[in-house]
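Generate coordinates for the entire structure from the input sequences, incorporating the hints supplied.
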Amino acid sequence: MDWAPIILTLKLATVTTILLVLIAVPLANWLANTKVKFKPALEALISMPLVLPPTVLGFYLLVAFSPNNAFGEWLDQWLGLRLIFSFEGLVFASIIYSLPFMVHPIQSGLTNLPHSLTEASYVLGKSKFQTLIRVLLPNIKPALLTGIVLSFAHTMGEFGVVLMIGGNIPGQTKVASIAIYDEVESLNYGLANNYSLLLLGITFFILLTVYSFNRTGIKSFWK
Amino acid sequence: MIRLKLHKKLHANQGLMHLDVDLNIPDGNFTAIQGKSGAGKTSLLRMIAGLMKPEKGHIEVNENTWFSSDTKVDLPIQKRGIGYVFQDYALFPNMTVYENLAFALLKGDNPKVIDDLVDIMELGDLKALKPNILSGGQQQRVALARALVQKPKLLLLDEPLSALDNEIRAKLQSHILELHKAFNLTTIMVSHDNAEVLRLADDLLIMENGCIINQGKPTELLSGRSLSGKFQFTGQVVDLKVEGVVTIISVMVGKELVKVASEKQEVSSLKVGDTVLVASKAFNPVIQRLS
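So the protein lines, in turn, are chains A and B.
Residue numbering for the first sequence follows our numbering, starting at 64 and increasing by one per position.
Residue numbering for the second sequence follows our numbering, starting at 61 and increasing by one per position.
Hints in this document: simulated from the structure, not taken from any laboratory.
Source: prediction; values computed, not measured.
Just so you know, not all the hints are guaranteed correct.
[Claimed, not checked] Result set (DSS-like, lysine-lysine): computed pairs, CA atoms no more than 30 Å apart in a straight line: (1) A/Lys191 with B/Lys69; (2) B/Lys213 with A/Lys191; (3) B/Lys65 with B/Lys139; (4) A/Lys98 with B/Lys68; (5) A/Lys98 with B/Lys116; (6) A/Lys100 with B/Lys213; (7) B/Lys167 with A/Lys100; (8) B/Lys213 with B/Lys69; (9) A/Lys191 with B/Lys167.
Structure representation (structure tokens):
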């Protein structure tokens, strides 16, 4: 069995999750506090991947990033970034695709914290950034963990988006879900079964971990 | 001296309310604020702290301008250096008691101030515990100590003792009074408890619909008419019982139940739950040693 698709899948999920934390924490914090009028529109946009067929997302990303288009050409020429049929492109698409899974838990975690915690920190002379890092985030660890695990698992399971903009390049974009599809198409059911079982095992183990911790009191574990 | 002149439109339960306050508070004063809920007490504290922005007016503390709508000054909350105790205490659940206090330290501050506060507030045994396992009174002590780590000149207390029972209340009142003197604080406290105000405050403000409708010494304002009482307590009526020509009124003063015989005429305006003043005018009270 070729392990490359599994390793690529784990690599994609890891890179995506790390970048998502960096993007989603400020975004969720802003969403939790802002009163701008277009907030519902923005929230709807972030949640779109939950209901949109992944192929739709993949299709538009493909169109947008194609070097035949103005935007894709600009990316290619000025940043040397070609986002279709490349690992970078998969990361980008996965970030958009899994964004709601990271933003939602963090946003609701922050919204549920008493506002007086933030105010108390300000009164004690701490900046917004210090307050976020030292007071708010440590108090929403369960939400953070949920976001991280769900995004990781969700990225591992993506197929439609990857197929549309990544294609099937071994070592570059051929992730496990694509490999399974590939093997089935070539009637290698045995190999497809191996990949599938492995994915099944990994995702079950990840979710089992989360639910076990939730059961025994995730709070006591993190504190 | 703190000089306040504040105006803001607030959306209260009853609809739009104009908060209009013009107030001077001398240094070292202990001021209590009373009023119905929605009268603007908390809003007033929040504006002083910088947690809420007034529309018009100015806030001047010891000749420093914290806010002025004319000169567009609005000192950030972080720079005002006040002590604020929130109604829900707002202790950080992820930190131990000691860490909560240490969080308040500014760069270059001597950590010894924490040990001093731990001693004064009797927090020694609780230092390593997380706030969520502490009782209300203990949390209150931590919140009070944390508010004083930076040695503020101004302490704002928003109904700090409202959730506590009488015994702990009385103890914490002594703590507050002790700290008020030891740290040379100017303290502003929102409180519903008359006994508390009588015990702690130098001045009392009564607010209604965003305005200060009465201002003066607590004894004058709370007893209604000035009584040349030598010996007086406030308490709550718990029972009225007619016995012949007099009515026996049971009054809860602190933890003690006191029975007062009264003529029917006086009783007609009283009902169970009223807060009353029990005073003796003509006779000296008897004092007996208990311990």
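Results for each hint:
{"no.": "1", "hint": "A/Lys191 with B/Lys69", "verdict": "27 Å, holds"}
{"no.": "2", "hint": "B/Lys213 with A/Lys191", "verdict": "24 Å, holds"}
{"no.": "3", "hint": "B/Lys65 with B/Lys139", "verdict": "20 Å, holds"}
{"no.": "4", "hint": "A/Lys98 with B/Lys68", "verdict": "20 Å, holds"}
{"no.": "5", "hint": "A/Lys98 with B/Lys116", "verdict": "22 Å, holds"}
{"no.": "6", "hint": "A/Lys100 with B/Lys213", "verdict": "40 Å, violated"}
{"no.": "7", "hint": "B/Lys167 with A/Lys100", "verdict": "39 Å, violated"}
{"no.": "8", "hint": "B/Lys213 with B/Lys69", "verdict": "29 Å, holds"}
{"no.": "9", "hint": "A/Lys191 with B/Lys167", "verdict": "17 Å, holds"}
Against the hints set out earlier in the document, violations occur for numbers 6, 7.
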